[in-house]
Amino acid sequence: MADKLNQLTLKQAVEGLKEKKFSSAELHQSIIKRINEVEGKIFSFVEIVDKENPKQIEKEGILKGAFFAVKDVLSTKDIRSTASSKILANYVPVYEATVVKKLTDHGAEIIGKTNCDAFAFGASTENSGFGPTKNPWNTTKVPGGSSGGSAAAVAADECLFSLGTDTGGSIRQPASFCSVTGLKPTFGACSRFGLLAMASSFDCPGPIGKTVEDCEIVFDIIKGKDEKDATSVFYPKKKQVKKNLVIGLPKEFFGGGVENEVKNLVSQAAKILEKEGHRLVEISLPNTSLAISVYYILVPSEISSNMARYDGIRFGSNRESFENEVKRRIMLGTYTLESGYFDQYYLKAAKVRNLVKADYLNAFEKVDLILGPVSPTPPFGIGELINNPLKMYLSDVLTVGANLAGIPGLSIPCGFTHDNLPVGLQLLSPHFSEEILFDIGRQFQQITDWHKRKPKL
Amino acid sequence: MARLTKDEIKHIAKLANLKVDDKQSALFAEQLSAVLDYFAQLEKAPTDSVLPLFNVNESKNVFREDKVSPCLTQKECLKNAKSIFNGYFKVKSIF
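As they're listed, the protein sequences go chains A and B.
In terms of the UniProt record's numbering, the first sequence opens at residue 1 and continues consecutively.
In terms of the UniProt record's numbering, the second sequence opens at residue 1 and continues consecutively.
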């Protein structure tokens with residue numbers, strides 16, 4: 001058991017509460033104390049619920065007393081939800097996102113709303129209208145993004161777990177940068193109702209936790225068909241996972257653009273799994289180099305129409321309050337959808353999206369899952385890429401493929417660079433086969449203890 | 001050569017109902033031109049016999065039963081509006 005209650009995993013906390021080892025008020029107090037200690041250094045939260053009074057949770061459920069943080073793009077009833085954009089600075093939703101409601105219905109309790117890139121547009125949390133979150137491992141570095149606050153809050157033990165959203169890597173990359181575990185579910189596995197839409201054919205809410213086990217607990221609750229989201233689907237029954245799996249290592253994920261230290265740590269992780277009886281094979285995802293172009297045409301196109309709702313009439317202030325990156329993406333999408341350019345950009349990208357998806361489906365004919373780095377680099381410096389949008393976009397190169405194909409992906413801590421910066425391992429599996437990721441991820445975390453390391457703050 | 005000029009940026013901004021000043025248009029023209037230049041790599045991808053993918057789970061016609069269920073109240077719908085009048089959203093005249 002951890003020295004401090006706020007350091008417990010979700011599983012340890014709910015079990016401890018059930019066995020009455022401590023009360024939910026004690027757990028709450030320990031988390032609030034930690035938030036007060038570290039928030040000034042990292043700024044994970046844009047809103048903290050009830051900071052003063054220790055909470056005794058009465059609501060029963062399997063997650064009773066599980067204090068969790070919610071990315072600010074997910075609507076929380078009666079709790080300010082700004083998407084970390086100034087345009088929604090005073091917006092208080094009158095309804096709850098389905099994924100949040102499912103958790104609170106099981107007794108979990110919202111501790112606060114976490115900072116992110118405004119409307120989740122970004123890979124560093126620097127595009128927040130309220131200032132950047134800092135990486136708990138090194139406060140001169142970014143925590144990743146867009147769910148940077150959600151990952152930093154878990155890494156700094158300011159909550160037991162958090163919810164993020166992943167449109168192009170926004171759960172996996174910050175999980176990797178902050179040395180925590182994050183799951184991007186299969187598209188459609190978790191309802192998007194109440195998620196402030198970025199790109200509706202890509203957006204996936206999902207858990208960020210201290211262990212694979214915790215992510216599985218949360219995923220099992222939030223998944224499933226929701227009548228309020230027509231793209232959500234019935235989640236099939238879990239299948240038995242084979243004992244010995246074939247793991248594909250795409251050569252494109254270990255190419256020249258990936259830093260050597262990252263490559264080495266991820267290769268070492270692959271060898272650990274090989275020793276456990278899994279077989280490693282080299283594969284190819286030939287269209288990987290086109291994925292960024294496809295993504296940054298299709299997603300801004302969807303953004304430009306989704307953002308039309310912000311007219312300052314029903315909610316929010318007027319469009320002048322949009323942050324620069326929000327303006328850039330709306331304009332990029334407006335341009336690629338403009339008549340005369342539609343075929344050249346949008347239609348072409350939608351076709352290449354099919355090629356990227358086919359790459360993954362072809363690979364899964366030969367392998368059970370795919371393994372590679374999450375990000376080509378360790379966490380980069382605050383301010384390093386912010387004035388060069390193209391460079392920032394390129395940092396998503398290893399994560400956007402899963403979103404284009406709609407498949408699930410898991411990010412797990414797999415070591416640290418010489419400068420003590422976290423590196424994450426990415427596992428990808430076929431649609432609706434999250435059980436494979438959980439199984440192999442759990443196995444990896446039984447052998448390694450990277451996920452148990454804590455940042456010094 | 002930059003693919004987008006300052007004037008084109010202003011035109012796109014107008015279509016998107018955004019206001020950008022002179023300085024911003026210059027910056028966005030440069031940044032978005034670099035992004036569009038990068039997109040040129042797609043031209044080489046062979047897609048003549050490839051169908052576009054719009055919906056990754058390829059689901060079609062999602063129906064539900066046509067039954068009435070509770071919804072937000074008028075008061076809730078108006079809660080976040082800046083300006084209301086007699087239970088309506090109040091907007092500036094568009095004519």
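Treat the hints with caution; some may be incorrect.
Unchecked claim - Rough simulated footprint, nothing fancy, chain A against chain B, three-plus residues with beta-carbon under 8 Å: (1) 23 to 33; (2) 39 to 51; (3) 55 to 64; (4) 75 to 81.
As the list claims (entries may be wrong) - To give an idea of the interface, some chain A residues facing chain B are shown, with a C-beta separation under 8 Å as derived from the structure: (5) Ser200; (6) Ser201; (7) Gly312; (8) Phe315; (9) Arg328; (10) Phe342; (11) Asp343; (12) Tyr345; (13) Lys351; (14) Ile386.
The set of hints was computed from the structure by calculation and includes no laboratory data.
C-beta: ideal position from N, C-alpha, C; glycine also.
Here is what the structure says about each hint:
no. : hint     : verdict
1   : 23 to 33 : holds (count 4)
2   : 39 to 51 : holds (count 8)
3   : 55 to 64 : holds (count 6)
4   : 75 to 81 : holds (count 5)
5   : Ser200   : violated (10 Å)
6   : Ser201   : holds (6 Å)
7   : Gly312   : holds (7 Å)
8   : Phe315   : holds (4 Å)
9   : Arg328   : holds (6 Å)
10  : Phe342   : violated (11 Å)
11  : Asp343   : violated (10 Å)
12  : Tyr345   : holds (7 Å)
13  : Lys351   : holds (4 Å)
14  : Ile386   : violated (11 Å)
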